[in-house]
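Novice: Okay, here's what each chain looks like letter by letter:
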Amino acid sequence: MSKDVKPITISGEIQVPYNFAVGLAGSRFLAELRDNGKFMATKCKKCGYVMMPPRIFCEECFIDDVEWVEASSKGKIQTFAVSYMSPEGKRIKDPWMLAIVKLDKSDGGLLVRLDEVKPDDVKIGMRVEAVLKPKNQRVGSILDIQHFRPVKD
Amino acid sequence: MAKVSVKNRGNALSNPYAQMPMKITVGDVLNSPYISWPVKLFDTSPVTDGARAVIFAAEDVAREITDDPVWVRGVGRGANSCYFMGRRLDDLGRLDYAYLAARQAYDMAGIKNPRAVIDYAEVYDPFTYKEMQHCEALGLCDEGGAGRMLDEGTSSKEGKLPVNASGGLQGEGNPIAAGMSRLCWCYKMIKKEAGDCQVPKEVNTAICNGWGGMFQYSAVMIIGRD
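Chains as they are written, first to last, in our numbering: chain R, 3 to 155; chain B, 924 to 1149.
Some hints could be false.
[What the hints assert, rightly or not] Keeping only pairs whose Cα atoms sit at most 35 angstroms apart, straight-line, the calculated DSBU-like set for lysine-lysine is:
1) 926(B) to 946(B)
2) 926(B) to 120(R)
3) 92(R) to 1111(B)
4) 1111(B) to 1124(B)
5) 926(B) to 104(R)
6) 946(B) to 8(R)
7) 78(R) to 926(B)
8) 926(B) to 125(R)
9) 1124(B) to 95(R)
[What the hints assert, rightly or not] Which bits of chain R does chain B cover? Going by a derived footprint, with three or more residues having C-beta under 8 angstroms, they are:
10) 49-60
11) 71-83
12) 107-113
Hints listed in this document are in silico derivations from the structure and should not be mistaken for laboratory results.
Idealized CB from N, CA, C, for every residue including glycine.
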């Protein structure tokens, strides 16, 4: 055998089809978003922390005694990223932006896309508001939220 | 951030296992393209395949097989919520779970003043700012003092408290074994087996950490001679 055989590699992509069950809290959150355009959160009855996104279970108290409360569709940016890589991992010229937004009347933070703003103008603490898809296009997905944009309070 | 990249990739020039040994300047790092602002290409460790192995021995066995055992002095682990959006932190940039892991390790090792005892550190730096966060969490500098640590040369190979003379993840690469590799380099430094990466100062006690999970987990280990 010749010792000069170059190693051969075969490239490809593996499809990974999946079904993801969003769970009890997730299902109610997405249903309210789809049907009523509302952002619902859960409040722990022991410590009072208002979870956004909502969860049935309070991680601090280790209890599942929560009540549903409505949070605002407006909030402020806690942190953000300006990505020059597409979700598929390809380099892109025009970046897209993600932010964690603390919605008013809740304590957590929702991970959302930012739009209608230039990357250089985005600041931590900036007030933003939700832009939802029109009701007839909402299907009960997190993508029913198109993006968040700056608001002039 | 750029100074971490320059230091570590430069250190990696001495590391025969390194994937990204590079002689670069701060300007080179700042001119590299953004991955996701504010992180640039040269702030980011590569995708890597690699492996490390470590053999541990019980106390009595260790003393039989060597006159110069290196002991595990302290271990700590900390985790925050996997739900990043649900973390109850005032400061998302402060690694509470890493501070916790470090305190556990120091308590176990009986170390009350880390900077007086720790001779050398290998911290997890898949991104340049992680070296800074981890130095602060491990108490190797004041909170908010990681930049000064670099500027003053404290963490350079010849410095008072060298960090990542192996090149860290910036220089060596980022396989799953990257945490284990930090431990291995700490051992090599103590035993003076680090080859061209060897730091000039005596190393009797070293600390290393790893970061992982859903970016919410840190483990810390302190090793050293009797």
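Novice: Now tell me, hint by hint, if it's right for this structure.
Specialist: Right, here's what the structure says about each hint:
1. 926(B) to 946(B): holds, 12 angstroms
2. 926(B) to 120(R): holds, 29 angstroms
3. 92(R) to 1111(B): violated, 39 angstroms
4. 1111(B) to 1124(B): holds, 13 angstroms
5. 926(B) to 104(R): holds, 33 angstroms
6. 946(B) to 8(R): holds, 30 angstroms
7. 78(R) to 926(B): Cα-Cα ~32 angstroms, so holds.
8. 926(B) to 125(R): Distance ~25 angstroms between residue 926(B) and residue 125(R) Cα, so the pair holds.
9. 1124(B) to 95(R): Since the Cα atoms of residue 1124(B) and residue 95(R) sit roughly 47 angstroms apart, the hinted pair is violated (cutoff 35 angstroms).
10. 49-60: holds (count 5)
11. 71-83: holds (count 3)
12. 107-113: Check passed, 5 qualifying residues.
Of the numbered hints stated above, those contradicted by the structure are hints 3 and 9, listed in ascending order.
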